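S.K.: Listed below, chain by chain, are the residues.
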Amino acid sequence: MKVITKKEFHGFIQKLINNSAFNVEGVKAKGEKFVFDTLETADELRLDYDVTILPPKKYFLPQYETLMEFTTSEPFENKRPTQSKKTIIVGVHPYDIIAIQHADAYYLDDEISEEYLQKRKNALILGSDVLTVGEKSFFGAMGTGEVTDGFDLYLTDLGDRVVIDIGTKAGEQLLSHAEHVKEASKKDMQRVQKIRQAAIQGAQRDLKLPPNKWYDLLEKNRESSVWKEESDQCLACGTCTMVCPTCFCYDVRDEVDIDMQHGKRLRTWDGCLLREFTAVGSGEIFREDILDRYRHRYYRKAQYLPNRLGFVACVGCGRCSSQCIPDIADPVKLINMITDASSYEPLETTATPQSLSLHIDDIKQGEALHEPLPATLQEVKKLTEKETYFKIALDNNEPFLFEPGQFVEVSIAGIGEAPISLSSAPNGVSFELVVRKVGDVTSALHRMKAGDKVGIRGPFGNGFDVDAMKGKDLLFIGAGLGIVPLRSLINYVIDPRHRKDYGKVTILYGCKEPCEMLFGDEVAEWDRRDDIDHMRTVDTCPEGVCWEGDIGLITALIPKATVDPSNTIAVLVGPPIVYKFCNDILLKLGIAEEDIIVSLERRMKCGVGKCGHCQINGKYVCKDGPVFRYADVKDLPEAFT
Amino acid sequence: MKPTVAFFDFSSCEGCQLQIANLEETVLDVADKVNIVEFREVMKEHAEAYDIAIVEGSICRPMDEERLRKIRKNATILIALGACAHLGSVQRLGNQWTAEENKEEVYGKTIPEVTDDSNPFFEQPRHRSLDEIVPVDLVIPGCPIDRNEFVKVLVALLQGKKPPIPDYPVCVECKKRENVCLFTIGKFCMGPVARAGCNAICPTYGLGCEACRGYVSHPHEKAQTDVLKKYGLSTEEIMNRKTMYTYKYVEKQQEKPREKEVKA
Chain A
11 MKVITKKEFH GFIQKLINNS AFNVEGVKAK GEKFVFDTLE TADELRLDYD VTILPPKKYF
71 LPQYETLMEF TTSEPFENKR PTQSKKTIIV GVHPYDIIAI QHADAYYLDD EISEEYLQKR
131 KNALILGSDV LTVGEKSFFG AMGTGEVTDG FDLYLTDLGD RVVIDIGTKA GEQLLSHAEH
191 VKEASKKDMQ RVQKIRQAAI QGAQRDLKLP PNKWYDLLEK NRESSVWKEE SDQCLACGTC
251 TMVCPTCFCY DVRDEVDIDM QHGKRLRTWD GCLLREFTAV GSGEIFREDI LDRYRHRYYR
311 KAQYLPNRLG FVACVGCGRC SSQCIPDIAD PVKLINMITD ASSYEPLETT ATPQSLSLHI
371 DDIKQGEALH EPLPATLQEV KKLTEKETYF KIALDNNEPF LFEPGQFVEV SIAGIGEAPI
431 SLSSAPNGVS FELVVRKVGD VTSALHRMKA GDKVGIRGPF GNGFDVDAMK GKDLLFIGAG
491 LGIVPLRSLI NYVIDPRHRK DYGKVTILYG CKEPCEMLFG DEVAEWDRRD DIDHMRTVDT
551 CPEGVCWEGD IGLITALIPK ATVDPSNTIA VLVGPPIVYK FCNDILLKLG IAEEDIIVSL
611 ERRMKCGVGK CGHCQINGKY VCKDGPVFRY ADVKDLPEAF T
Chain B
31 MKPTVAFFDF SSCEGCQLQI ANLEETVLDV ADKVNIVEFR EVMKEHAEAY DIAIVEGSIC
91 RPMDEERLRK IRKNATILIA LGACAHLGSV QRLGNQWTAE ENKEEVYGKT IPEVTDDSNP
151 FFEQPRHRSL DEIVPVDLVI PGCPIDRNEF VKVLVALLQG KKPPIPDYPV CVECKKRENV
211 CLFTIGKFCM GPVARAGCNA ICPTYGLGCE ACRGYVSHPH EKAQTDVLKK YGLSTEEIMN
271 RKTMYTYKYV EKQQEKPREK EVKA
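So the sequences go chain by chain: A and B.
The first sequence begins at 11 in the numbering used here and counts up by one.
The second sequence begins at 31 in the numbering used here and counts up by one.
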């Protein structure tokens, strides 16, 4: 533990500011509040601040960030902007250090985001003890008032001098810029402890339930009237998510200059309180009620992220609490209200300091998660008024391997990116998509022709488990566009090379009108083949149109199939409304919950479990799905709404 | 072939068109992508047919309605430019009183042979937004519009893409700019219900948002009213905040119960 005089400390910071190799960011006053901003002089630094408006998250996940630049003529020769200067962030409170560790765990888990990693590795964190406790802060109650790692240097301002703890080699090197650095005395250390403990004691608020009990409390109180009472006052303005150090959701969009040539793919913060957060291309919104959005935020903090990362995603900074105008975003208030309303018995536990083991230096290389690979449209065929077929191959000539049921993100430079189900059985080389014209990307795709270039990311998600289905009778039910992803599995199974591995195959296909039926040639083959039972139906058939099949809803077709429920796996794919009814019918047929397989649609923006849009409660449709066993999702309140 | 574009104005200050005229060097890029056939701010030519009609101003008199209908007929795409065309803007506040009351307020004494309805320039002045008269394809909101947003909308149109007009509240952009929330320093703001896209320019300079871009598609109005009340505004003051640019919504709400009465 080191110590220098306040004057020398200022000299040290000034020296860093003057050094052209560094970009020094620190806490400054903004009106009566505080912000992290570029330090022009060391005098601007305010280590006596309570809490900043935005957390230092903005240095690693900026409010607006260019993911790549492109020209529309050479769409995927994109370049990613890089940073040259080291960023030094001065004055990061312990709760924010822990929040950065949360972000590390989130962005550097299975899929390591190179975009994040670069910025994170490029930064030096100079932590600071809390000298002034924010009115709404409760980090003391959350166990986030002190840290043992996650910083390069850690400062405690004693007024006349500053005690400095060295966290890393890089921190030690940085400190070599300071002069007259001495060993801290025992007395200095005692003063540090006193300041730290005072902050922790001062930031307890009156939280009635320690964070390790939140999961259980929320588990038992999803239907509490408190959610409705509080969300009735919610403006759905998104503030609580914008200011939160552990909210990581984002949106991605393309912008093109007026020259129509140069453009960029831009990432910006998004928030689950906003109405359009869950909107998919066809316009459907999966969390329409403010109540659901309001509740989702708390469940994400107390259940969904703990399930994924192992800790409550709240550090007690109090930013949401102090910046929510109707005062309904305060976790302390909400947890206390639910505790009181439910007469939940708080057990005698206290907050234990949070410790995270991920070390940024151990991670060498990430992946540019948003960078598509160039690909070429090999074949384009209009199937119906709204649907077009595309055969696509990557330009790198590497094999394209995927499982039936997975999806890809299709990019058109300047327009954007959209998740599209793979519709062909894997052949190792090319793949097929069938796209309905609903949004910007799909409309632009419909204007393209063979030979045109697109970008591809993926394949993503959890596909159909073709091995687990071996030996079983298979009942395929495709409703509307559901036939598109289902086709990848059907074609795999009925391929002569695989057909013998499976029992009886029954295919039920329903769409609105005969003109909407896809893959007519293949449907005819299903009719012809005697190793496939096939029935089809249309909701309505206009007069004079020839239709060989039933007329009525798909729900009426299912009971007509002859199945042996004890040995049948039913695979059901269709729009949300279909699941509501068909699952019940299948269960009535006697098919077990484990043997009903569904593929769900949500807004899958990133495909890698980061952007947050596709969540069904704690499940990420892009990673955990889109293919699920009914048994695994039936109890999720948001799955079949 | 480059699409043809024509600009028109009704009751307005023409400030939105001025924003476009003031695009500086970008205006050349715009001129390179579209063929401007009518734009009173910068040229004297007139045109009878165009792909895109960009219309500023609120619709006031029957003669304006007629002219707008003609523009609509001549255009493939009709864009409402700015708060007047989008909402009726501040002049719509006049709808709270009768035409006669307004005339008297403005001119003191009215001279029947000059100011009554027989003079088409004074006929039944009621301010309405474009979409209350003809179908509007898209809106570029704001008072005035943000010229960069205008360019973005134009680019989107040329790309065949949905124009990037946000449907979330100003608070989102305000927070991203790390502004001190005006409510926390004793000021008032319509940001929580107002449509973003302006990059929260007013709150950034310490002025409360007045929702010149209208509300988001699903504003939680009741919660906003509660908040304004909670932070100390009287019912009348709240009404003033809600009517500045957005009297259209108040009028629509007043119409609703009346419709119900009629049905009953």
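Treat the hints loosely; a few may be bogus.
Facing chain B, from chain A, some residues (calculated, C-beta under 8 Å) [said to hold, decoys possible]:
#1 77
#2 244
#3 247
#4 262
#5 514
Okay, the calculated beta carbon distance ranges per label pair [said to hold, decoys possible]:
#6 B/237 to A/94: 50 to 60 Å
#7 A/54 to B/262: 45 to 55 Å
#8 A/448 to B/264: 29 to 39 Å
#9 A/94 to B/95: 57 to 67 Å
#10 A/94 to B/285: 40 to 50 Å
#11 A/525 to B/248: 30 to 40 Å
#12 A/447 to B/247: 36 to 46 Å
#13 B/61 to A/370: 34 to 44 Å
#14 A/603 to B/188: 44 to 54 Å
For the record, the hints were derived by calculation from the structure and aren't laboratory data.
Here the structure is a predicted model, which is why all the values come from computation and not from measurement.
Beta carbons are placed, not taken as given, at the ideal position from N, Cα and C, and that holds for glycine.
S.K.: Please write out, lowest number first, the hints stated earlier that are contradicted by the structure.
M.R.: The structure breaks hints 1, 4, 5, 6, 7, 8, 10, 12, 13; every other hint is satisfied.
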